[in-house]
Structures are given as structure tokens and as C-alpha cells.
Amino acid sequence: MEEGTIGSKQVQLSEAAYSVIHEKFGEAISAFDRNPTMPFFEVQDTALWTDIALFMRDHPKLKFNYMACLSGVDYPEEEKLGIVCNLESIGAYPHRIAVKVKCPREGGSIPSVSCVWHTANWHEREAYDMLGILFTGHPDMRRILCPDDWEGWPLRKDYRVQESYHGIKVPY
Amino acid sequence: MAGQGSVRVTRKSDNVVIIEKDLATEEMVLSMGPQHPSTHGVLRLECRTDGEVVTEAEPYLGYLHRCFEKHCEHVDYQAIVPYTDRMDYLAGMNSEMAYAIAVEKLLDIEIPRRVEFIRVIVSELNRIASHLVAIGTYAIDLGAFTPFLFCFRDREHILNMLEWASGARMLYNYIWIGGLAYDVPSDFQKRVGEFVDYFRPKAVELSRLLTENEIFVKRTKGIGIMPADVAINYGWSGPMLRGSGVQWDLRRNDPYSIYPELDFAVPVPDGKFSDVGDCLSRHLVRALEIEESLKIIEQCIGKMPPAEGFDPRAAVPKRIRPKAGEVYARAENPRGELGFYILSDGKSTSPLRCKARSSCFVNLSAMKDLSKGQLIPDLVAIIGSIDIVLGEVDR
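Going down the list, the protein sequences come from chains A and B.
Using this note's numbering, the first residue of the first sequence is number 8, and each one after it goes up by one.
Using this note's numbering, the first residue of the second sequence is number -5, and each one after it goes up by one.
Careful, some of the hints might be misleading.
As the list claims (entries may be wrong) - To be clear about the criterion: a stretch of chain A counts as covered by chain B if any three or more of its residues have a C-beta under 8 Å from a C-beta of chain B, and this derived list gives those stretches: (1) 76 to 89; (2) 118 to 131; (3) 167 to 179.
These are calculated hints, taken from the structure and not from any lab test.
Quick caveat, the model's predicted, so the values are computed rather than measured.
Think of the CB as a built atom: it goes at the ideal place given N, C-alpha and C, for glycine as much as any other residue.
Using the sequences and the hints, build the whole thing.
Written out as C-alpha cells, the structure is:
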């Protein structure tokens, strides 16, 4: 039972942080999803993502200075790709929150936040490599784990592996 | 070569490098790795050098990419555990534990207390083994061979114990979701206790041999300094972040398992012996952490509930199908924060998306900035201090 109280306290902290962001950006962000495992909100106006990120990092009541993780996700039913960012504050506050940003599957892009958190640089490159999410304003948008001339985006749900790579048979 | 000019590289006592040259030098591209002893695996650094100075080093990775995240989407939750072993193969127990915690959080299940104690003991043993490899190979990078042999001799005892418990030396598949594969052998606590008593003086000996060695200190002190705020911005975690003077340990700051009940310190350098944030600080944090892990193990042996009527698989679910939802859970690994983001659709027995947030991957991403303007031998010292395991970087 003790676990549960710790969990809900964590959610309350996240919600308090959310309300500060909501006050500033209003309709640009979705309602707060208060689930116990990973409370999050979604950025509706994707173009504002960098501004929201900067606000979250620098606001004296938020200080989300640490990006723990950025995961690219494919949402085939919604025809969208997205990222999930897990943010928290080291040394200032005990709160943490997750942010989701989505863009259309074809021809969409998400503003890069590598200028806000350096760590996003490689995470975004990985999301690009695995799912083909383009990050506008990224300083170095290249593949990172796969070779530069690899075809397709491996973690998309409709991915078909290429037949051969430089004369080597790929599916085994 | 009189009349052609010369280059003089000198180092002041505080490791500030002074280069005097009266001739034109050219930039040269030098590829370090993927087969290079000091890159600890298959990492390639493309260095642009001007004489002995590295103006820029760009890491190229992916040589060990084994599609971990793609595999996860095609196998059951239970079957992912052996894959996590193969990520950070020097600390398999810790990786398994981080993954188990993530899925258990998603399933919201209760774990027997004895399981938690065994998990902490084996993962702390594994942490010591991993730090011993880190310290030993770091010594080799800097030209000291003997400490490496000392480290590997003591690591062998740990691996033997873990083999005794799990049946494997490195790729354990021991910590299952909801429990353990087996209970520990009946004399396990006794033997672990004997190991702690044996190892304490050896750790002191190791620190006399290496940490206080003047050559070692000269090679690492003041090299590759990372300020605390930049380290946080780069998402550093574990000994790397603590080396920069930030007291941040997930076992304390986002407690999991039974760590809140245990008494241990989170060592950070005070700037007296090393410059805060340099390679020596990072080494020092690892060396001091070994002692803390020994403390944790000792306490666990004393507090562990008895084996009577204990079934390590009592809480292990037969079929794992979490309700729709997502989770991000992490654990403090020897190299930093290992996190798993898992997305479940509520219908499938395998995750819709499973992302591993690898600590070395993130720590390594600062390499480009850290390497600017360093001498080539210092570059080797910096890579070694990051303590990368390419299996986890590339996944």
C-alpha cells in the first residue's frame, strides 16, 4: 500500500508542474493524463515544442534540466509518429513528467530540442534512424546505429527489410 | 632539422598543456578504431588532429547493433530478459533488474521480500565485478598492467558465485519478471560473506596500487573536466555525473526495491584529491562505490528472510499481458541510469514498443565536446573514464 501513496504523490507533483505549463501555453498542450505509471501531457501545437521545452527547462518553478529519455514511437492507427520525452529536475525539485509530441507519418517533422538539452541530439538521431522522424533544426541529422545507406525505417510497424545490402543477403 | 621550425609540447603541473610552434601544421584525419584497444570494443572515433592536438573527434557507432528494440516487439515479455543480459554484458544482473522493475510496475505486482534481497545482492556483486573491469581496463589504457590482473583475479570470485547461483558466468537470465529463476544455493550467504571479508583488504590494496599512483594521477587529474551543469544537460548519470560533483543516485533519488532500508553513502569527489569533474574523479567514484556495494551486500546478508517455504517463482506470472498503458522505469546500473520505456496495447503478450535508455550511449554523446583541444594520449584517458560497453551503446 505504501507503494501506492508514493506513486500518487509523484503524480500530484507532476500535475502541479503541468498546471504551471498549462497556464502559459493553454490550448497548445493537451489535458494532463494522470496515470500512475507514467503521467504525461501531449503537445498539440507541434511547432511550439521547442518553446515549451525551453520554458520547462528555465522556469524557476519547473527547472526540468534533465532529459532522462527520448523514445520514438510509431502510431500506425493514428497515421502518426511521435516522441515520448521523460523529463525531470536534478537538484531543484523532485517532480518529473513525460511529454508526447506527434507529427504526421508522411512528410511530418518535429522541432528539435537538442539546443535545449544536449542529450536530445543523439536520442533524436536514433529516433530518426529507427523511425524516420525528421527533426527540424537538428544540427546533425544523420543515422546513428544503422549504416548511412540503409533503406527504410526499422521500427516502423510496416517495415520490410531490404533484400540485400552491398551484395550481402539480408533476411536470414 | 634546423631552420625548419619546431613544435614544443609542455605540460604545467596542473595539466595545462602549452604548445609552442613556429612552423605551419596541417590538419590530419585519424581514424581510431573500430579495432583499437583503447576504444573498449567496436567504436570508431574519427579524429581531426593538428599535430598532437585533437581538434575534433566524432564517434561512429552501430558496429554492435543487434536490433534489441525490434526483437522486443516480436517476443514475449519473459523472453526479453536474456536480451537485456546481452546489452550490458558486464552487468547482466543489473540490466535484468531494471527491465524486471519496468514490467512489474506495468503489471503492478508484489514481489516476495526474499526475492528483493537476492536481487540486490546479486546486482551489487555484479556492480563490483563491473567496476573492477572498468578500473582494470582503465589502468591498461594508461599503461599499467598489474592492476588489471588484480581486478580480474577478484572479479573471477564474483563470477564464480554468480555462476553458482544462476548457472552462467555472464549472461545469467536469473532475475525473472516477478521473481527469480532459482533460489540461491544454501551456503550462498556464507560464501558471499567470506568474499566480502576477503575483498575488503584487496580493494584497499588496489587503491594503493592505482588510485594513489603518481603516474596514474598525472595522467588523469585535470583531464577531460566536465562541469556539473553541462553534465546534467548532457543527461549524464551514474559515476560520470557523480564525478562532476552532483550527488545523484537513483538508488537514493528514485528509490526502488529495498534500497530505502539500506544504509550506504553516495560518494562524490570533494575536489581535494582530484579536480571535480575530471577523469580522476570519475575513477575515484567507481573505486569508492565498490566499498559502498560491499556495505550493502553485508546488510542484505544479515537482513535476508529465511529460505523456508520460499518459492522464487511464486509471483512469476505464467502469461504476461499488461493492460494498455506505458511506463518508464529505471535502475542505477554500474554505468548510470538504465531505463526502459515500454508501451503496451493491452492485447499482445509482447510490447508494442520497448526502448532501452542506455547509460553509456548517453554518456558517450558528450565525447565530441569533451575531446576538443585534447592531446591524443588524453583522449585515450577520457574514453577510458567514460567506461563504455559497446553492447549497451549499440544495443
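(message) Need the list of violated hint numbers for this structure, in ascending order.
(response) Checked against the structure, the only hint that fails is number 3, while the rest are satisfied.
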